[in-house]
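So the sequence lines, in the order shown, correspond to chains U and H. In terms of full-length UniProt numbering, the first sequence opens at residue 1 and continues consecutively. In terms of full-length UniProt numbering, the second sequence opens at residue 1 and continues consecutively.
Note that these hints are calculated values from the structure, not bench results. Ideal Cβ placement from N, Cα and C applies to all residues, glycine included. There's no promise every hint is true.
[As the list claims (entries may be wrong)] Simulated coverage check for chain H against chain U, where a stretch passes if three residues somewhere in it have a Cβ under 8 Å from a Cβ of chain U: (1) 231 to 245; (2) 315 to 322; (3) 600 to 606; (4) 617 to 631; (5) 637 to 650; (6) 697 to 707.
[Said to hold, decoys possible] Cβ pair distances, simulated, as ranges: (7) H/Q515 / U/V114: 42 to 50 Å; (8) H/P394 / U/G589: 45 to 53 Å; (9) U/E378 / H/N519: 27 to 35 Å; (10) H/V407 / U/P122: 47 to 55 Å; (11) H/F734 / U/E378: 33 to 41 Å; (12) H/P394 / U/D210: 17 to 25 Å; (13) H/F734 / U/I400: 43 to 51 Å.
Number of protein chains: 2
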Amino acid sequence: MATISDIGVSAGINILSAFVFLVVFAVLRVQPWNDRVYFPKWYLKGLRTSPIESGTLVGKFVNLDFRSYLKFLNWMPEALRMPEPELIDHAGLDSAVYLRIYLLGLKIFVPIAVLAFSILVPVNWTNNTLEKTDLTFSDLDKLSISNIPLGSPRFWTHLVMAYAFTFWTCYVLKREYATVASMRLHFLASEHRRPDQFTVLVKNVPPDPDESVGELVEHFFLVNHPDHYLTQQVVYNANKFSSLVAEKRKCQNWLDYYQIKFSRNPSTKPTTKVLLLAPRVSCLYARESLMHYYIMHFPYFIKQTGFLGICGARVDAIDHYTSEIARISGEISTEREKVVSNRDAIMPAAFVSFKTRWAAATCAQTQQSRNPTQWLTEWAPEPRDVYWDNLAIPYVSLAIRRLVIGVAFFFLTFFFMIPILFVQSLANIEGIEKAVPFLKPIIEMKVIKSVIQGFLPGLALKLFLIFLPSILMIMSKFEGFISLSTLERRSATRYYIFQFINVFLGSIITGTAFQQLDNFIHQSATEIPKTVGVSIPMKATFFITYIMVDGWAGVAGEILRLKPLVIYHLKNWFLVKTEKDREEAMDPGTIGFNTGEPQIQLYFLLGLVYAVVSPILLPFIILFFALAFVVYRHQIINVYNQEYESGAAFWPDVHGRIVGALVVSQLLLMGLMSTKEAAQSTPLLITLPVLTLWFHRFCKGRYEPAFVKYPLQEAMRKDTLERAKEPNLNLKSFLHSAYVHPAFKEVDNEGDESDEDLVSTKRHQSKHSSKHSFSSLAEDPERSLL
Amino acid sequence: MATISDIGVSAGINILSAFVFLVVFAVLRVQPWNDRVYFPKWYLKGLRTSPIESGTLVGKFVNLDFRSYLKFLNWMPEALRMPEPELIDHAGLDSAVYLRIYLLGLKIFVPIAVLAFSILVPVNWTNNTLEKTDLTFSDLDKLSISNIPLGSPRFWTHLVMAYAFTFWTCYVLKREYATVASMRLHFLASEHRRPDQFTVLVKNVPPDPDESVGELVEHFFLVNHPDHYLTQQVVYNANKFSSLVAEKRKCQNWLDYYQIKFSRNPSTKPTTKVLLLAPRVSCLYARESLMHYYIMHFPYFIKQTGFLGICGARVDAIDHYTSEIARISGEISTEREKVVSNRDAIMPAAFVSFKTRWAAATCAQTQQSRNPTQWLTEWAPEPRDVYWDNLAIPYVSLAIRRLVIGVAFFFLTFFFMIPILFVQSLANIEGIEKAVPFLKPIIEMKVIKSVIQGFLPGLALKLFLIFLPSILMIMSKFEGFISLSTLERRSATRYYIFQFINVFLGSIITGTAFQQLDNFIHQSATEIPKTVGVSIPMKATFFITYIMVDGWAGVAGEILRLKPLVIYHLKNWFLVKTEKDREEAMDPGTIGFNTGEPQIQLYFLLGLVYAVVSPILLPFIILFFALAFVVYRHQIINVYNQEYESGAAFWPDVHGRIVGALVVSQLLLMGLMSTKEAAQSTPLLITLPVLTLWFHRFCKGRYEPAFVKYPLQEAMRKDTLERAKEPNLNLKSFLHSAYVHPAFKEVDNEGDESDEDLVSTKRHQSKHSSKHSFSSLAEDPERSLL
């Protein structure tokens, strides 16, 4: 049991380290050469240009304005200054609502903390139960429920407080749900025209021997939505095509680099070395397959010959890449023809667009076919949000994937320690020496040996935990969700469950998750809350330390962006050749809903569980929420660049998890109370989860539809408005290429933008012809647009 | 432990009693005076006329054709002869699919029984574990799993069998789900035009200070479904009105009776006695309120004066009732004006009809308003199926009602014994003597005393069990479901849960439900299946007896229709005055889904639980299913008259409960096996419920939409067909009065049918005026149809 001074020291250290982070951040962010690391969002928006290009030579790299160092915390008020509507406009609704989760934490826990400290703490403090016992205890424990004697009538205070906290939390949750729902509806309503408003994703198109998928979809919707159907876009399996496009992009980049080099120094023609592995074989097929083999398996080795190539013939770089680009362009167009014309490359899914939002809304919400596993319609995700690989999974396979992943996640959560223990048992000094005997002399050195021995056992676990979010993301992808937003939401749910079991329960009841599971199975339903509940007050100090290290220091570290900073400068020095490269090296990243939200939820859980038991935890959590709110607000304004916009579709998950945490806290309190011989409170405590769950169902019915459905009233209003404003709008051309596979799109755009001289006429032709064959598929009987 | 001969005797008795029932039935059904009891369905269809009217005097009452007594079982092949499509046409899809539940029982259990008797029974029999122990045992137990020694490898047989039974059950279930789903879709598709295909029920219309509900609904749908909206019908709170209509119906009946009496015997004018409690008070209000007070509280006392009245003035009966009818008709029209014009009598709900099925299908499946608790749309139930009283419950009230009923049902299930024990403690001889001292001499008589003492303690419980379905139905009504079919389905679910806990678990682990609950809470998750599982083999004989008494004899008793028979003849002798009365006395009743289905489900549960443990139970269950199938098929063809047609909407419930029973059986087997020291089978047994639950989810996704949604493809097909067939159809007039409150309808129809001479001109006028005021509300801007 840590004393208050122990906690104080720990808090001091953590506050100091957070402070150091913030100071370092304040210094680094005003340096011009870090500008792209700390303000990428503004670069992407085109609102900021590099300060390096202006100013003196020294001023280019070091900020000499000392006043800017003095105001080193002025980013905080700056971050808070931007009003919410502007923030939504700047970073999207997802980000703005994500910040509200932190605010929600403050809204819930500040009043609870005030109440707890003015009532619960005095009630706990004015006992001397702990002093009477032989147990060692600290002043911190005197503030907790442990200090109340068994069967004391003082437990009524805790009971009343549990009710008060529950009602307050539910009240805030309900108000927040209502606010977010109306924000979402307002956002959807005030948005300008977007393709996904008119479009529905149709999956599981049944196979038809006589018609292609495109024709089939068109006929089906012409028959079943005759007045509303506008156009459709079939989905291609374009994985090979996209890799070719990526390939070409890389060559283009090299070409740009050498051209700049040449224009700066026209005297020496730049040269590059080319491996002669892929000679101009006349036989098209052989060359292609050889190319693809190498592209697939050794992309860097083959292509970065100019950089890494040591052997090989030295050729003129500009000529080489120009011809390479022409060649790949040719291949791209061939591949494109193949994809578009080959029936097997067309997946049984399509994006169907309608003339009005109303029609799209009705189609997305209704069942189309007698067979409920065919012609499944749902809202098309935003084009950026589509996860293209999963669009063609049939129903039965989807059901089996769910089962497989469900079972796999169960084993991952409860048995992940087994492979890690196995790896740890292998990864000892002797094992390494056996595997790589020539390293033996190095390993046997004392310093290295001790490092390995101290480092290795933890390494496997650490690596697993680092890769866990990616593993969960892969699981979600395998499960077959079709948009990035759902993938992230699903991963977040799984990550939270994992943390709940392995961090929360794992810290309270020591032991692996599997041992806990085994215990729980062999305990009665009333025993489980008791077992967990009893240990809760004892773990308060542990969680306080956890909050300070993981929360405070973690958040302060987040603002420093150490990893992106290092990577940016490394890239900048070694890899960046063109302006485009520099932009790509910027990598602003996203909020990372799938890792960030579960972390916040853990704090909600801790806060709610400890609110009645050991209120001393609350100030630490409040500080976390406040700091995180400011930091993330700053990051969202200046750094992150969301990949998609789901319109805060994640809120039902957030709400549900907080309600879940509330129920857990109530059950654990019930368990704890029953060991304190305050059994007369049990019926009153049982009522709490019943009411909370009822509240959840009520909210679900009341607000959740706003996040999954699109009311016809709204759709109709927007349609009418639009018709009045723009009576001659050509919606079809607007939607024409909205849901084309991004690789196709890139080729088309590039063709429009890139220097026409560099492109061979052949490619030019093929571009047009492929575009034609493309649009012919998307064509529909000509009908006027309302 | 009963021996095989004990079971044999019991079976003999029960078979004999079932046989007696069937013989009595065979005798009674051929008697002409019972014709209306045993063939009411045909009377209602107008396909059968009373045999009493033809034939000789004796032949009218007793069937003298002795050949018909000899073929006393010929109703069985007759019942089986009608092919299913004809049955659907004759009795509706609900009834036909209901019969399939019994067939499903046969399909599942016959192969299981064959397999079990050819493999499991020999494996169990060829042990001598029981003989080695000191326990008393019977030959029956030698057939069960109890005869296998602890830890024997023979348990692998049971494990494999559990898998085989599960796969077979799932296979049959899936096939059956597919069949029923396609039957439903076929039924909906081949049906002729019905108002509910075009109509959507709109609930929770928001209040508007400027517009009436009718106007508001019309405007909302004209704006949001401009091309599809046809007409609407607001819902009135017409409870008072309906009681007036019922009142008038009774008077009309008396009038008919006296007129027939008078026409047969013109010499004496029939007279009746009238109590002078309600004189012709000139003040309309006073008279009305007095009238209503009496009508509400003493309807029989006041109105059946002609029958029961002893005191009072004797008046001419025909004159009296003619004037009474005129008076009530006047009141009806006043009340109607009041209901139609009074804004408070209009409930915030409406039936909205569309021009096409397609439009109704889209509207029913989509969300209309921003606020998801307003403008809630759902499929309108069939007009007969509507439960009018619940149409106007607001969202919040609905949520609270759900909570209240949920809690109430929990207490009903687990604590129902408490009030019964309380009543039992009061209802003893001393208690009665104290309450009604003047009965003391009678009660003290020895015979009566012993009857009371033997009878009273069970009476409260028996009464409770008799009224339980009604209690559950009242709970469902309070919960706010809007159609009779959902009410019945909900009650069935609750009744099944009650039976599962109080009959199934209550019989296996003796004790009240609350004691079980208490035990379960204090046991671990692995203990519960063990506790229950261990007791299962021992209770086999009890359940065999239960099946014979409740199943065999119960079903045979069902065909006898003893209660309707007695009531019909009583009514016929004492109450029936006119032909209409006789028709009403017929009371064919319905299948009674809310009591019948849970009973079948209990047999599924028993069959699945005992299939592996004591296969000896299976033949008894199979016999039940076979007998019940024949009996209910006969009853459905000849007797029952369904009140509504839901298109087999109950099948997902049936399927779900069988899957639930399967999971329970697997868990209990797991518990049992773990006590048999066959723990190595646990992982394999855990896989079973996981797979079964996954199967359930798969089926839910695959087939359930067919029962809750209406595919647009179907709707469009029917619309197109109809447009081609009947291009000039006036749909508006077809829908005009489809969803008028039945009381309004009755008045309108009556006016059309009844003898115009008997009706005063005033009423005639009022009828027209009220009709006018009515239709004016239902009117909408004139637009052409399609």
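Taking the hints in turn, this is what the structure says about them:
no. : hint                        : result
1   : 231 to 245                  : violated (count 0)
2   : 315 to 322                  : violated (count 0)
3   : 600 to 606                  : violated (count 0)
4   : 617 to 631                  : violated (count 0)
5   : 637 to 650                  : violated (count 0)
6   : 697 to 707                  : holds (count 8)
7   : H/Q515 / U/V114: 42 to 50 Å : 45 Å, holds
8   : H/P394 / U/G589: 45 to 53 Å : 47 Å, holds
9   : U/E378 / H/N519: 27 to 35 Å : 46 Å, violated
10  : H/V407 / U/P122: 47 to 55 Å : 36 Å, violated
11  : H/F734 / U/E378: 33 to 41 Å : 35 Å, holds
12  : H/P394 / U/D210: 17 to 25 Å : 53 Å, violated
13  : H/F734 / U/I400: 43 to 51 Å : 47 Å, holds
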